[in-house]
Amino acid sequence: MTVFEQDERFARLNLLVESAGMSTLENATVMVVGLGGVGSSCAQTLARGGVGKLIILDGDVVSPSNINRQLLAFDSTVGRPKAEVMKELILDINPNCQVYAVEEFVKAQNIAPLLRSLPRPDYVIDCIDSFYAKTALIQWCIEQQVPLLSSMGAANRLDPSLLSFSYIEDTSYCKMSKTMRHICAELGIKKLEVLYSKEKQAKIKSYGSVKKEHTLGSISYMPPIMGMLLASKVLRRLLGLETYKLTPIMKGQK
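Throughout, my numbering is defined as the position within the sequence shown, counted from one, plus 7.
By construction, these hints were calculated from the structure, which means they are not laboratory data.
Because the structure is a prediction, the values reported are computed rather than measured.
Treat the hints with care, since some could be wrong.
Claimed, not checked - Below, in silico cross-link-like pairs of lysine-lysine (DSS-like), each with a Cα-Cα straight-line distance of 27 Å or less:
{"hint": "1", "residue 1": "K258", "residue 2": "K114"}
{"hint": "2", "residue 1": "K182", "residue 2": "K198"}
{"hint": "3", "residue 1": "K182", "residue 2": "K210"}
Claimed, not checked - Ranges of calculated distance between the beta carbons of each label pair, as one might list FRET restraints:
{"hint": "4", "residue 1": "S168", "residue 2": "L23", "range": "18 to 28 Å"}
{"hint": "5", "residue 1": "L98", "residue 2": "K182", "range": "28 to 38 Å"}
{"hint": "6", "residue 1": "D177", "residue 2": "R243", "range": "12 to 22 Å"}
{"hint": "7", "residue 1": "E176", "residue 2": "Q152", "range": "15 to 25 Å"}
{"hint": "8", "residue 1": "R127", "residue 2": "E249", "range": "18 to 28 Å"}
{"hint": "9", "residue 1": "L223", "residue 2": "E25", "range": "35 to 45 Å"}
{"hint": "10", "residue 1": "A115", "residue 2": "K207", "range": "25 to 35 Å"}
{"hint": "11", "residue 1": "M8", "residue 2": "T186", "range": "46 to 56 Å"}
{"hint": "12", "residue 1": "Y174", "residue 2": "R123", "range": "25 to 35 Å"}
{"hint": "13", "residue 1": "Q105", "residue 2": "S179", "range": "31 to 41 Å"}
{"hint": "14", "residue 1": "I211", "residue 2": "D82", "range": "18 to 28 Å"}
Glycine residues also receive a C-beta, built at the ideal position from the N, C-alpha and C atoms.
With the hints as extra help, turn the sequences into a complete structure.
Laid out in structure tokens, this is it:
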């Protein structure tokens, strides 16, 4: 019997996935990169879902504007590193979870040495906003042959029923997906599996001194729902409830 099986926190989960499932989850390692509205919800869901080892990375600190949608954002956490706060929350959920919290942004220049120093993940979930960082992470996963799920944009949208999993080449409507389609095509990357919205983005008016084109609106539920959907897919795949292929891949690979 595993440690998690004996833990009352996971009694209801144990009923659902049984001993073999609990053992699989306890021995799994999942990496979440980016701890904003999507990533913080994703990391929490994985922790509550019994994942035994979590690697979380984000170089940002909590700001007041995060409070409307980010799981780790409260008046009491404003100004604190997101990775630090998220680690505390995960350990409050499950003190037996091994948490590797990295207070750094993933960049093309640092990704290889940074991730080399961490345990090898069974799955990576990309919740990053930066195209450059996303691309670096995608390339690292291809090189290391680690499966990856990538989140596209949650901003300026209101309808979670229009969220969908797809390969990047099959996406539509989403501006972030459009940019990533071009990047992947240029680099010969295909079958990047993403969660994106088919909803047409809302038009946002200027906010104070912030220019309209740089203002992204958000609502409380949209990013967290995306995070939970990403976590749910990874949990099901770890449990063998959903078959999947090693993606993304480079053009020419099968």
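Hints and how they fare:
1. K258 - K114: Holds, at roughly 23 Å.
2. K182 - K198: Between K182 and K198 the Cα gap is close to 18 Å, so the pair holds against 27 Å.
3. K182 - K210: holds, 13 Å
4. S168 - L23: 18 to 28 Å: holds, 25 Å
5. L98 - K182: 28 to 38 Å: Holds: the Cβ-Cβ distance is about 37 Å, inside 28 to 38 Å.
6. D177 - R243: 12 to 22 Å: Since D177 and R243 have Cβ atoms about 21 Å apart, the given range 12 to 22 Å holds.
7. E176 - Q152: 15 to 25 Å: holds, 21 Å
8. R127 - E249: 18 to 28 Å: holds, 22 Å
9. L223 - E25: 35 to 45 Å: holds, 43 Å
10. A115 - K207: 25 to 35 Å: Given about 32 Å between the Cβ atoms, the range holds.
11. M8 - T186: 46 to 56 Å: holds, 48 Å
12. Y174 - R123: 25 to 35 Å: Since the Cβ atoms of Y174 and R123 sit about 28 Å apart, the hinted range of 25 to 35 Å holds.
13. Q105 - S179: 31 to 41 Å: holds, 40 Å
14. I211 - D82: 18 to 28 Å: holds, 25 Å
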